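> Put together the whole structure using the sequences plus the hints.
4 protein chains.
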Amino acid sequence: MPLDEMKEGYFAGIFPYLVTPLDDKGRLKESVLADLVDHLIRKGVHGLTPLGSTGEGAYLDWPTKKRAVEVVVKAAGGRVPVVAGVNNLTTHAAALEASETEHIGVDGILVVLPTYFPIVDEQVVAHFRAVARAVSCPVTLYTNPKFAMWDFTVDTLKQLADESNIGYLKDASGNIGKLMSIITALGGRFKIFSASAHVPLFVFMLGGVGWMAGPACLIPEQSIALYEAARQKRWEEAVALQKKLWPLNVAFQRYSLAACVKAGLEMQGFSVGFPLPPQRHLDREGRKVVQKILEDIGAL
Amino acid sequence: MPLDEMKEGYFAGIFPYLVTPLDDKGRLKESVLADLVDHLIRKGVHGLTPLGSTGEGAYLDWPTKKRAVEVVVKAAGGRVPVVAGVNNLTTHAAALEASETEHIGVDGILVVLPTYFPIVDEQVVAHFRAVARAVSCPVTLYTNPKFAMWDFTVDTLKQLADESNIGYLKDASGNIGKLMSIITALGGRFKIFSASAHVPLFVFMLGGVGWMAGPACLIPEQSIALYEAARQKRWEEAVALQKKLWPLNVAFQRYSLAACVKAGLEMQGFSVGFPLPPQRHLDREGRKVVQKILEDIGAL
Amino acid sequence: MPLDEMKEGYFAGIFPYLVTPLDDKGRLKESVLADLVDHLIRKGVHGLTPLGSTGEGAYLDWPTKKRAVEVVVKAAGGRVPVVAGVNNLTTHAAALEASETEHIGVDGILVVLPTYFPIVDEQVVAHFRAVARAVSCPVTLYTNPKFAMWDFTVDTLKQLADESNIGYLKDASGNIGKLMSIITALGGRFKIFSASAHVPLFVFMLGGVGWMAGPACLIPEQSIALYEAARQKRWEEAVALQKKLWPLNVAFQRYSLAACVKAGLEMQGFSVGFPLPPQRHLDREGRKVVQKILEDIGAL
Amino acid sequence: MPLDEMKEGYFAGIFPYLVTPLDDKGRLKESVLADLVDHLIRKGVHGLTPLGSTGEGAYLDWPTKKRAVEVVVKAAGGRVPVVAGVNNLTTHAAALEASETEHIGVDGILVVLPTYFPIVDEQVVAHFRAVARAVSCPVTLYTNPKFAMWDFTVDTLKQLADESNIGYLKDASGNIGKLMSIITALGGRFKIFSASAHVPLFVFMLGGVGWMAGPACLIPEQSIALYEAARQKRWEEAVALQKKLWPLNVAFQRYSLAACVKAGLEMQGFSVGFPLPPQRHLDREGRKVVQKILEDIGAL
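Chains as they are written, first to last, in the numbering used here: chain A, 1 to 300; chain B, 1 to 300; chain C, 1 to 300; chain D, 1 to 300.
There are no misleading hints in this set.
Note that identical chains are pooled: a pair holds if it fits in a single copy or bridges any two copies.
In silico lysine to any residue, SDA-like type, Cα no more than 25 Å apart, as pairs:
id, residue 1, residue 2
1, LYS178, LYS288
2, LYS244, SER181
3, LYS25, LYS66
4, LYS233, GLY177
5, LYS43, GLY78
6, LYS288, GLU122
7, LYS292, THR184
8, LYS158, PRO277
9, LYS158, LYS288
10, LYS244, GLY298
11, LYS288, VAL154
12, LYS25, PRO63
13, LYS66, PRO114
14, LYS243, ALA197
15, LYS178, GLY207
16, LYS292, GLN253
17, LYS243, ALA185
18, LYS25, ALA130
19, LYS244, ILE297
20, LYS243, SER173
21, LYS178, LYS292
22, LYS292, SER181
23, LYS178, GLN291
24, LYS243, LEU186
No lab work stands behind these hints: they were computed from the structure.
Note that this is a predicted model, so its numbers are computed, not measured.
Right, here's the structure in full:
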C-alpha cells in the first residue's frame, strides 16, 4: 500500500478480522489481544478489524467491545489503521456506538446490521445513512445475507453513495456475479473488500482493494503474498497461491467462524479461548481438519 | 382457567404479547403500557407476556426491558400471571437477565434465543438448560425458525424434559404437523401455546393450552371467545370464529409484527408509538388493511 | 358419501393415490394394479387416483400411463369414481394427454404441473385454463411447492374460478394457514382435498371434502374411519384417530413418497415392485420404520 | 483450440447452448436451426450444444429432440463438434436416449438430470454411471441446483471419475468457491465448462476449458474474444471484456433462459419463435433491457 494512500486514509490490503480473546467467564483477555495485534503487524498486515463477525461483535456487551477497541488501538500504536466493527440491531444504538468508537481513536468503522425481523431497502438505507452521519471517519458497509435478513442491492448502494464518508463495501454474500454487477453499476464509488465467502483473488481482479476476514489472523504472510501477487498482476502465481489457501476458507465457512479461527490461533500459541456459548467450540474432528490445513499451508 | 390451576402456576388461555410503547427517542412510555395492561385484564385475558418478539425484546437495552417488566408486574397487580420474555444471544447474559427478571416478580419467563451464527442442537439444549437453572419460576421455551437459525427437534425437546421447571413450549414455526409430532412423541410433558403463525384452534384441538401472541392485544375478547369455544368443545362455533379472526393473523405475519400491532393499538386509542428503527412503520396501505380487518372483526 | 352426491359427480372422501406397479424393466404389472384396485374398493374407499405424485406420474411415458388408467378404470368397473393424474411440463402435451385420458373413461382428472424453469402466475393460470378446456369432466387442481417452482395464490385461484369444470383443489403445501386464507377468500368455489403434507383432520374441519394421498393405499379402513368421524362431527374421536395415523404421514414425507407406499404394499402382499430409478428404494432402516408404524396402526 | 486436441475429441472453447426454434404449434423450424448453426460456426464458435437447458430439452418430446440433433449434426457438417443434451427423469429413458443420440452422429453428450422427487447421492452416481455406460462418446456431467433437487458433491464426482468416458463437468451452481473446491480435490480429472451463472473468466482462470451457455448464441464473437484473451493470459484485457459482457449474463439469469435468448435472436434476425408454454415470453420491458444490452455489447 503506497504511503500517500495511507496518509489519505485509503484502506487497502490485508485486514485480519481479529478474534476477541475471552476467558471462561467471558472477560476480555487484554494481553492476549495486544500480543496478537503486535504479532500480526510484525507479519506485515495492512490494517486490523476488531469486532467483525469473527470478533463476536454480535455477542459482546458494550463495555467489553469498548475495551477491545481500546486495546487494539493502543497496541497498534498507529502502525496500521484500525477499522472497528459496530454491530447493533437498532439505528439509535448503532449511531451512539459508532460515535463512541470513533472517539476511542479508530481510523474507520465497519457497520454490521444484524436483524431479528426482516427489513426492507428503505430502512437499510436509513440505518447506514444515520450511522455514517454519526461519525466523521471513513465507513465500511458490511452485508452478509446468510446471517441477516436483508442484503444490499445496486439501488440501495446508489442511494448510500450520497454519504461522502462511506468509502468501502465488504460484501460477504459469496456471490461474485453480484459483486461484478455492483462494480459495473457503481464504478469505483465504493472500494471493495473481499470476505472469506468470496474467492479473494477474483475480488482483486475486479478491482477490490483488499481482504478483510478472519482467516488472515491465521495466515497473515500467505494472505499478504496473495494480495501482493494480485497487486503486481502476477496472476498465474496468484491463482496457484489462491488454490493453496482455499481449503482454509472452506473450513472457515463450514465450521462456526469464530470457533475455527480461535482454535487455529490456540494451535499457533495464542491463548484466545473459546467463542461465547451457545456458540460451538471447534470439536476434535474440526480441530484435526484445521490443523491439517494450517500445516499444508505452512502456518503451523 | 380454573382457579386451582392458577394457584399451581398453570398458565393457560390468552396471553397477549404486549407491545413496548416507546416515544420517538426510544424511551418507554410507562403510563401507556400500564393503561394497556389494565385494559387487557379488564377484557379478560388470562395472562400477559411483555418482551416477546412483538414486544421488541430483541431491540431493547436491559434498563428499558427491566422497567417494562416492572411496569407490567405493578399494573397487573397479581390479577393475572406475567410471563416475561428473556431475549439474548449469549447463554451467560440470558441466564443473568432471567434471574433479574424473576426477581422483579414475574410468574414465569419465556426464553427467546436469537442467533447471529447458526448453532447446533447440542448448544440449543445447553442454552435453554442453563437459563432454566438460573430461575425457579416456570419456563416457556420459544422457537421461531423464521427469525433464528435453529429449531427444536423432538430429540432436543426430549433432552430438555429433564429440567423440571421447563413447563411450556411456544412454537412459532407454523408447521402444525411438526407440532403434532412433538405432541405425539412427548405426550403432555410440555404444555403448548399457539403462536400466530399457527391456526390457534388447531393447536387447541391437539391439546394446546393457550395462545400467546401479539394479535391478542388488539382482539382480546374475540381471542378469549375462540379459546372458550375450544375449551368447551363447541368445535363448529370455534371454526367459524377462527375463520373470522384469521385475516388478522395473515396481516400480522405479512407486515412486521410489532409495526402491525402498534398501528392497530394506535387506532384503538393507545398511544404506543412506532417500532424502533430500522424496523419499518406500518405504511398507509398496511394501516388500511389492518383497519379494515379490525372493523370486520368488530375490534374498531 | 351420499349416493345423490355421487350421481352428481361430486367427489368426496378417501381417494388413495395409487402406486403404479412396475417390474424391474419398468413395465406395468397390470394384474397387481387390478388386484390393488379391487382390494381398496372392497375396503370401502370412495374413489381412486392413479398417476398422482405417488403414482410416479412424472416418471412414466404415455403408453404406460395410458395403460395404467385403462386397467384402473376397468378394474373399478364403475364402483367408485376414478380421477386420473395428468402430469406434463408443457401446456400442449398436458391438454392432449388430458383429452386422451378422459376418453379412456375416467370420471375426472387431477392436473399436476411440474417445472424445469420457474414460471409466473400468468402462465400458471393459462396452463390450467387450457387443460381444463381440453376436457369436459371435472378437474382437480394440484399444487406442491416442494416439487415445482410455483404455487397457487388466492389471486390465481380467483382467476381459475371462471372455468366451470374446475371443481377441486388438492393443495400439498402443508401450510394450513394458506388453506384457510384460500377458503376464506373463495368460499366453497373449489372443494378442497387434503394432501398428506397436511393434517387431514384439520382440512376436514375447514370444510375439506376428502383426502387424496398415497398413505390411503396402506391404511384405507383407518383413513375412512377418520373421514367418517370428521363427517359426523365426532371431533374428539377424530383427533385421537388422527394422532394415531400421523406417524405414517411423517414417514411418507420423510422418505421418497412412492418408495414408502410401495414398500408398505409389498409388506401387505401386493407385489408392486420398486419406484423407477433414480428414485431410491426404501432402505432397510426405512422399511423397519414403516413396518413398525403399520403394525402400530393395525395395518399389518 | 489446437487441432490435435480437436482430433483427440478434446472439447474446449465456446459452445453455444442452441435454442430450439419452434413454430406456434410447437413444431421444429428446421431451416432456422440450420441457419443458426451455420451462422455460429462462421462466427468461429468451437462447438455446439443443442438441447441444453436453453434448448428446452426438458420440454420437448423425443421425436422433436431427435430431429433437432439430426439437423444440427447435418448443418455442422463436421466443422465443429456437437455435444447434444440428454434430459430425462428416469435412468432407463436417459440411457436409451443417450444411445440413440450417439447413433445420430454427435461427438459427445451432455447429461441433464431433472427431478420431481428429491434424490440422494447414491442415486445420482448410479444414474450418471448408467447413462455413461450406454454410450462410447465423451460425456459431460451437468448440474444446476436451482432447477433440480440434487447437486454434485466432491465425493459423488470422485466416484464418477471411474467412468473413463465421463470427461467434462458443466456446473451451473454459480458458486465459484465450490468449483475451486472441486478442482482442488479432483485436479484435472474432469475438464470444466463454465455456465452463465458463473463468471466465465474466473472459471477460465481456475483452468476451465470453455463456456457452454445460451448467451453465446447472441454474442459468439465477443465470447470467443474473452476465451482467447484468457487462453493467452491477457488477463487485464479479459477482465475488461468480462465486465462488458456481464450484463447479458445477469439478464439471462433474471429472465427465463430460453425466453431471453430466443428474444435476442429474433432481434438479430433469426425467426426462432417463442419458448413452449407455460414458459413465459420475454415481455416488452425485458425485450428493451436485452436490446439495450446487445446494443452496448455491439451485438445488435
